[in-house]
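The whole structure should be built from the sequences, with the hints applied where relevant.
Each chain, letter by letter, is given below.
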Amino acid sequence: MKFGVVTFPGSNCDYDTYAAVRHVLGEEVEFLWHQDSELKDCDVVVLPGGFAHGDYLRTGAIARFSPIVKEVRKFAEKGGIVWGICNGFQVLLELGLLPGAMLRNKGLRFICRHVNIRVETTDNPLTGALTNGQVLSIPIAHSDGNYYDYPDNIQALEENGQIVFKYCDKAGNVTPESNPNGALNNIAGICNKDRNVFGMMPHPERAVEKVLNSADGLKLFESLKAYYTRKAAV
Amino acid sequence: MITAKVTVLFKDGVLDPQGKTIFNALKDLGYERVQGVSTGKIFNLKLNHSDPAEAEKEIADICNKLLANPVIEQYKIEVEG
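These protein sequences, in sequence, are chains W and A. Position 228 (the first sequence) corresponds to 228 in our numbering; numbering is contiguous. Position 42 (the second sequence) corresponds to 1042 in our numbering; numbering is contiguous.
These are computed hints drawn from the structure, not numbers from a lab. What you are looking at is a predicted structure, and each value in this text was computed from that prediction instead of being measured. Don't be surprised by glycine CBs; every beta carbon is placed ideally from N, CA and C. Any given hint could be a false lead.
Stretch-level coverage of chain W by chain A, calculated; a stretch enters the list once three of its residues show a Cβ under 8 Å from a Cβ in chain A [to be verified]: (1) 57 to 65; (2) 105 to 112; (3) 140 to 149.
No more than 27 Å apart at the CA atoms, straight line, and that leaves these computed lysine-lysine pairs for DSSO-like [claimed, not checked]: (4) W:70 <-> A:1027; (5) W:74 <-> A:1065; (6) A:1020 <-> W:106; (7) W:166 <-> A:1011; (8) W:231 <-> W:193; (9) A:1076 <-> W:106; (10) W:70 <-> A:1057; (11) A:1011 <-> W:106; (12) A:1027 <-> W:106; (13) A:1065 <-> W:193; (14) A:1041 <-> A:1020.
Rendered as structure tokens:
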């Protein structure tokens, strides 16, 4: 299978994601420049972390107009898997491929540390190889990760099983103390209704080997790989 | 040429962490009468229009598409002629 990693001016996790796929997961991967308008037959498109277009105006607000993003939208609408990590998640929100918006972190600080997140659903390609309630240790690094939407919409996310990850403590309890940024319902990651577009604030590509303090992030890459292996076998 | 000022603020009820922090700082400074602070952005636009109503229509479109995020923000347009 082949991953595509979009590079915007200001992306800074594109190489980490590339390395995670190519050298740790052992799959094909290509960079997709934001001015290009071809997805090069990628099976999964990753919008990586960083500060696309300097995060001017709002995080992700300008990136949404890049030519490649038009193709990403078409790809997503046809059922292709799109995975936004951190800044990539913010771009997907601005694009409207995922619901909601990001506010500045409660406490206003840029937070860069390992957090625990709990897997809330496994009926999708990203967490299909994991178990419900499984706790992952993955770092976050952001100023604007305070997920917000109207109460009715948050309720709908809960009911539709679109919340993929919630911030939790080591034992998997979702508590106010384990919420680093003020995100509603401790939301760390969500998906769309069709379960092919994913957005998450934590950086799995920074937790793919023991030497990085955690290899939990690799499980998500492996889950996607398992999904494609199964699909290819059918 | 028409100039216009667009003010973008959070919608009522949306947490404004910066406004809240500034509010707390003002209280620490002894400004007891301050009852609230909200933060936002101001954009000054120059448009090649002669009709203010037409200009305002175009600016509203600009706000909805780019300057404001309708999920969390509201905007106010002041056309200055």
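Okay, the hints, checked on the actual structure:
Coverage of a stretch by a chain is defined here by at least three residues with a beta carbon nearer than 8 Å to that chain's beta carbons; for the region 57 to 65 of chain W and chain A the count is 3, and the condition holds. A stretch counts as covered by a chain when three or more of its residues have a beta carbon under 8 Å from one of that chain; for the region 105 to 112 of chain W and chain A the count is 4, and the coverage holds. Check on the region 140 to 149 of chain W: 3 of its residues sit with their Cβ under 8 Å from a Cβ of chain A, so the three-residue criterion for coverage holds. Proposed proximity of residue 70 of chain W and residue 1027 of chain A is contradicted: the alpha carbons are some 47 Å apart, above 27 Å.
Restraint check for residue 74 of chain W and residue 1065 of chain A: the C-alpha separation of about 19 Å stays at or below 27 Å, so the hint holds. Proposed proximity of residue 1020 of chain A and residue 106 of chain W is supported: the alpha carbons are some 10 Å apart, at most 27 Å. Only pairs whose Cα atoms come within 27 Å are accepted, and residue 166 of chain W paired with residue 1011 of chain A is accepted, the gap being roughly 26 Å. Proximity of residue 231 of chain W to residue 193 of chain W is assessed by CA-CA distance (about 20 Å); at most 27 Å being required, the pair is judged to hold.
Taking the CA atoms of residue 1076 of chain A and residue 106 of chain W, the gap is near 26 Å; set against the 27 Å cutoff, the hint holds. For the hint linking residue 70 of chain W to residue 1057 of chain A, the alpha-carbon distance of about 26 Å falls within 27 Å, and the restraint holds. Distance hint between residue 1011 of chain A and residue 106 of chain W is fulfilled; the C-alpha atoms sit about 17 Å from each other, no more than 27 Å. Between residue 1027 of chain A and residue 106 of chain W, the direct Cα distance comes to roughly 19 Å. Compliance with the 27 Å bound is thereby established for this hinted pair.
Annotation: proposed proximity of residue 1065 of chain A to residue 193 of chain W holds, straight-line Cα distance about 24 Å (limit 27 Å). This hinted pair checks out: residue 1041 of chain A and residue 1020 of chain A have alpha carbons roughly 16 Å apart, not beyond 27 Å.
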